[in-house]
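Could you put together the complete structure from these sequences and hints?
Residue numbers (my numbering), protein chains in the order written: chain H, 1 to 249; chain X, 1 to 306; chain S, 1 to 279.
No lab work stands behind these hints, which were simulated from the structure alone. Treat the hints with care, as some may be off.
Derived DSS-like pairs (lysine-lysine); straight-line CA-CA distance at most 27 Å [stated by the list, open to error]:
{"hint": "1", "chain 1": "H", "residue 1": "70", "chain 2": "H", "residue 2": "28"}
{"hint": "2", "chain 1": "H", "residue 1": "66", "chain 2": "X", "residue 2": "199"}
{"hint": "3", "chain 1": "X", "residue 1": "199", "chain 2": "H", "residue 2": "70"}
{"hint": "4", "chain 1": "X", "residue 1": "199", "chain 2": "H", "residue 2": "115"}
{"hint": "5", "chain 1": "H", "residue 1": "74", "chain 2": "X", "residue 2": "199"}
{"hint": "6", "chain 1": "S", "residue 1": "233", "chain 2": "S", "residue 2": "200"}
{"hint": "7", "chain 1": "H", "residue 1": "188", "chain 2": "H", "residue 2": "28"}
{"hint": "8", "chain 1": "H", "residue 1": "188", "chain 2": "H", "residue 2": "74"}
{"hint": "9", "chain 1": "H", "residue 1": "66", "chain 2": "H", "residue 2": "115"}
{"hint": "10", "chain 1": "S", "residue 1": "69", "chain 2": "S", "residue 2": "233"}
{"hint": "11", "chain 1": "H", "residue 1": "21", "chain 2": "X", "residue 2": "199"}
{"hint": "12", "chain 1": "X", "residue 1": "73", "chain 2": "H", "residue 2": "188"}
All values reported here derive from a predicted model rather than from experimental measurement.
What follows is the residue order along each chain.
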Amino acid sequence: MTAAIAIDGLEVIFDRFRALKGVSLEVKEGESYGLVGESGSGKSTLLRAITGLAPVAAGAITVNGKRLGKTRDKAFYRDVQMVFQDPYGSLHPRQTVDRLLQEPLAIHGIADGEKRIERALDEVGLGTGFRFRYAHQLSGGQRQRVAIARALILEPSILLLDEPTSALDASVQAEVLNLLEEVRRRRKLTFLMVSHDLAIITHMCERLMVMQNGEAVETLTASQLIGHRVSADYTRNLLRASEGFVRTA
Amino acid sequence: MSVATIQSRREWLLSDRPASRLQARLGRAYVAWRRFSANRLALVGMLIIIGLLVVAALADVLAPYSPTFGDLKNARLLAPSAAHWFGTDDLGRDIYSRIVYGARWTLYVVILVAIIAAPIGLLVGAVAGYAGGWTDTILMRITDIFLAFPKLVLALAFVAALGPGIENAVLAIAITSWPPYARIARAETLTVRNSDYIKAVQLMGASPFRIVLRHIMPMCISSLIIRVTLDMAGIILTAAGLGFLGLGAQPPLPEWGAMIASGRRFILDQWWVAAAPGAAILIVSLGFNLLGDGLRDALDPRSGDQ
Amino acid sequence: MSGDTLLDVDDLRVTFPTRTGLVQAVRGVSFSLGRERLGIVGESGSGKSQTGRAIMGLTPPQAQVSAKKLAFDGMDLLSMSPRQRRALRGNRIAMILQDPKYSLDPVMSIGRQIAETLRTHEKVSKAEARERALAMLQAVQIRDPARVFDLYPHEVSGGMGQRAMIAMMLITGPELMIADEPTSALDVTVQLDVLNILDKLVAERGMGLIFISHDLRLVSSFCDRVVVMYAGKVVEQIKASELRDARHPYTRGLLNCMPRIGFERHPLPVLERKPEWSA
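Next up, the structure:
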């Protein structure tokens with residue numbers, strides 16, 4: 001097995017704030033890898049650094065064996081796609097679903113657009129009835145499905161997921177998580193998923209990294225976490241917090 | 001058309017699940033139209049502008065006399081009457097006919113200015129806002145230089161350099177009126193450039209050119225349309241001002257501003273010579289302003305999601 | 001739980017006029033509250049927040065509120081004058097909102113805001129107001145109250161801001177507190193600290209608490225009783241301790257569909273929404 005994503009000593013600096021302080025990780029091909037942390041932990045910044053949306057100050061990112069430079073070429077975006085957190089902000093308000101899905105095909109000059117769009121909509125469980133709707137005619141869960149369809153339409157091998165369900169209701173979250181698992185199985189995708197919710201990460205990922213203040217706290221397998229075999233106090237705190245409120249009196 | 005078919009057409013337009021690109025687009029337009037037509041004054045404004053278009057199109061039919069040749073012998077400075085509705089001017093020309101033909105020149109000025117100035121402003125603003133950094137600084141300082149001069153003075157300078165005439169007046173007005181559009185386009189661009197939907201397109205590998213053209217500019221266009229419409233009155237007045245100063249349309253062209261200028265000499269005794277084109281300018285300016293207000297309600301991007 | 005009823009809600013309805021007609025956000029909600037912790041749980045659009053706002057008197061002016069009964073401590077809230085309502089609000093009924101960033105005044109120091117709140121409802125000297133504000137900041141477990149007193153809202157973290165908000169709301173000694181998603185904007189570890197503080201203060205002062213949230217698990221671990229709302233209606237009222245035996249399929253579905261550490265279920269059970277639930 002080769003590494004789909006290998007990150008070594010990654011530093012990201014915004015103005016003078018060090019958002020990532022030398023983080024390393026390796027995601028195997030076909031693996032689902034989780035990043036857990038609270039706000040300011042740098043977990044989303046790491047995803048953005050991979051896609052080229054955040055400035056890399058030091059360190060190396062290797063995707064599918066290719067070392068990434070300062071800029072990303074078109075081929076990179078056919079391999080790596082991303083689903084954003086806020087389904088209300090990630091769809092263009094003046095474009096129909098059809099336009100949204102056509103755009104990546106037009107950029108990459110892919111010919112069989114009609115078929116691909118229909119297939120993508122079917123795959124995310126929307127069907128062609130949704131094809132000509134605008135974003136405001138969709139619910140939060142439907143929007144996130146469109147965002148997933150858009151990410152899949154270029155047939156990438158790696159999907160970056162930035163809190164894809166945190167803006168959704170619990171019942172819709174379950175549907176979207178199921179959908180993500182299903183497309184991963186069918187397309188043999190590699191996932192790198194960010195969440196603040198330990199339960200979601202253990203549900204979705206085989207391995208995970210706990211992050212705090214721009215640094216890695218520890219790396220665990222999901223079964224280690226389920227068995228509470230963790231070494232850092234911070235992880236233990238997170239675990240306790242995820243079990244709900246316990247009255248101390 | 002029966003009530004039932006109207007009803008079903010409305011449902012087709014307002015459908016939550018349009019079945020084709022066309023239906024989606026028409027539905028969106030229909031919602032905007034409903035918002036627009038809820039505003040009575042905006043409808044009045046639209047009627048005035050439609051009236052202007054009709055008059056300009058049918059000038060040959062509507063005008064009973066020639067706009068440029070008058071009856072110098074018998075018809076100088078006649079008061080309004082059944083034969084000459086708005087009276088005649090000092091060269092014996094029928095003022096009503098001149099105003100009808102003048103509508104063409106007014107439209108000519110307004111439309112040309114809009115198609116020259118608005119795209120320049122949109123392009124400069126969107127590029128400056130999206131690129132940021134040096135590009136932004138340079139483009140915006142150029143914009144500031146243009147904004148620093150009063151519009152009419154700058155237009156005067158340009159006309160003085162280019163020579164008088166209506167084409168040059170149009171060019172001068174266009175050159176002086178794009179900076180505010182650039183400002184608006186830049187402000188809109190700054191609000192959308194960091195949104196996730198623009199990042200999503202970046203992550204598809206789209207070129208900056210494509211992002212600005214296809215994803216950012218459509219977000220700027222509605223505020224720009226509103227602003228241009230509201231500016232139309234100002235454009236007409238600037239054109240009239242240039243005409244009045246003798247630097248715009250040259251005689252015998254029936255341009256409304258130039259007509260007021262020539263009527264100025266008789267304003268105390270033959271008031272109608274200046275009053276008729278003045279009223280025409282007033283009404284058309286009012287029409288554009290009301291229309292602009294209505295468009296603001298209908299197209300406001302911030303309410304576009306409802 | 002003592003027998004006295006603090007709040008009595010019977011057939012509460014909130015209706016919004018829209019372009020396409022009337023929309024009922026709350027459709028006949030009834031419950032009563034003693035000096036206890038009541039959770040209101042529901043997904044977005046269930047009307048849970050509008051229920052809280054209607055009790056508080058913060059419904060937007062274009063909306064209509066009606067009820068067979070909406071009584072606080074025996075007083076009819078709907079027939080009250082706006083002035084009486086205002087006097088009640090912040091004094092005997094207080095509300096905490098989701099994000100302290102939007103509910104604290106950005107140009108006034110935190111301490112002054114707390115002291116001002118006290119002085120609008122009670123006649124106390126400036127010095128005494130300051131003293132009590134400092135004591136209140138201490139009560140919400142802010143370690144250095146004198147320093148935080150002079151800070152502005154943008155200078156403190158989200159958790160600290162929410163504590164300050166709780167201090168401000170509690171300083172007048174309200175009998176009923178409505179907390180609308182008070183911890184949703186906070187990190188999980190901070191969330192528990194804030195809940196602990198809230199829990200202690202509510203218990204010490206014998207307040208009634210309405211805790212509005214989308215998080216069924218959190219609410220059930222924090223509250224005594226849970227009201228589950230769906231599409232503007234109450235589908236189930238249940239003791240938090242008996243939530244596992246919930247009867248309504250919606251409540252059960254909500255509980256089931258969340259991933260839990262140590263309970264592997266692939267795929268997750270999803271909620272089948274039945275039209276008769278909202279009928």
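Each hint tested on the structure:
no.	hint	verdict
1	H/70 - H/28	holds (23 Å)
2	H/66 - X/199	holds (23 Å)
3	X/199 - H/70	holds (17 Å)
4	X/199 - H/115	holds (26 Å)
5	H/74 - X/199	holds (15 Å)
6	S/233 - S/200	violated (31 Å)
7	H/188 - H/28	holds (12 Å)
8	H/188 - H/74	holds (22 Å)
9	H/66 - H/115	violated (31 Å)
10	S/69 - S/233	holds (16 Å)
11	H/21 - X/199	holds (24 Å)
12	X/73 - H/188	violated (94 Å)
Hint compliance for this structure: hints 6, 9 and 12 are broken, all remaining hints hold.
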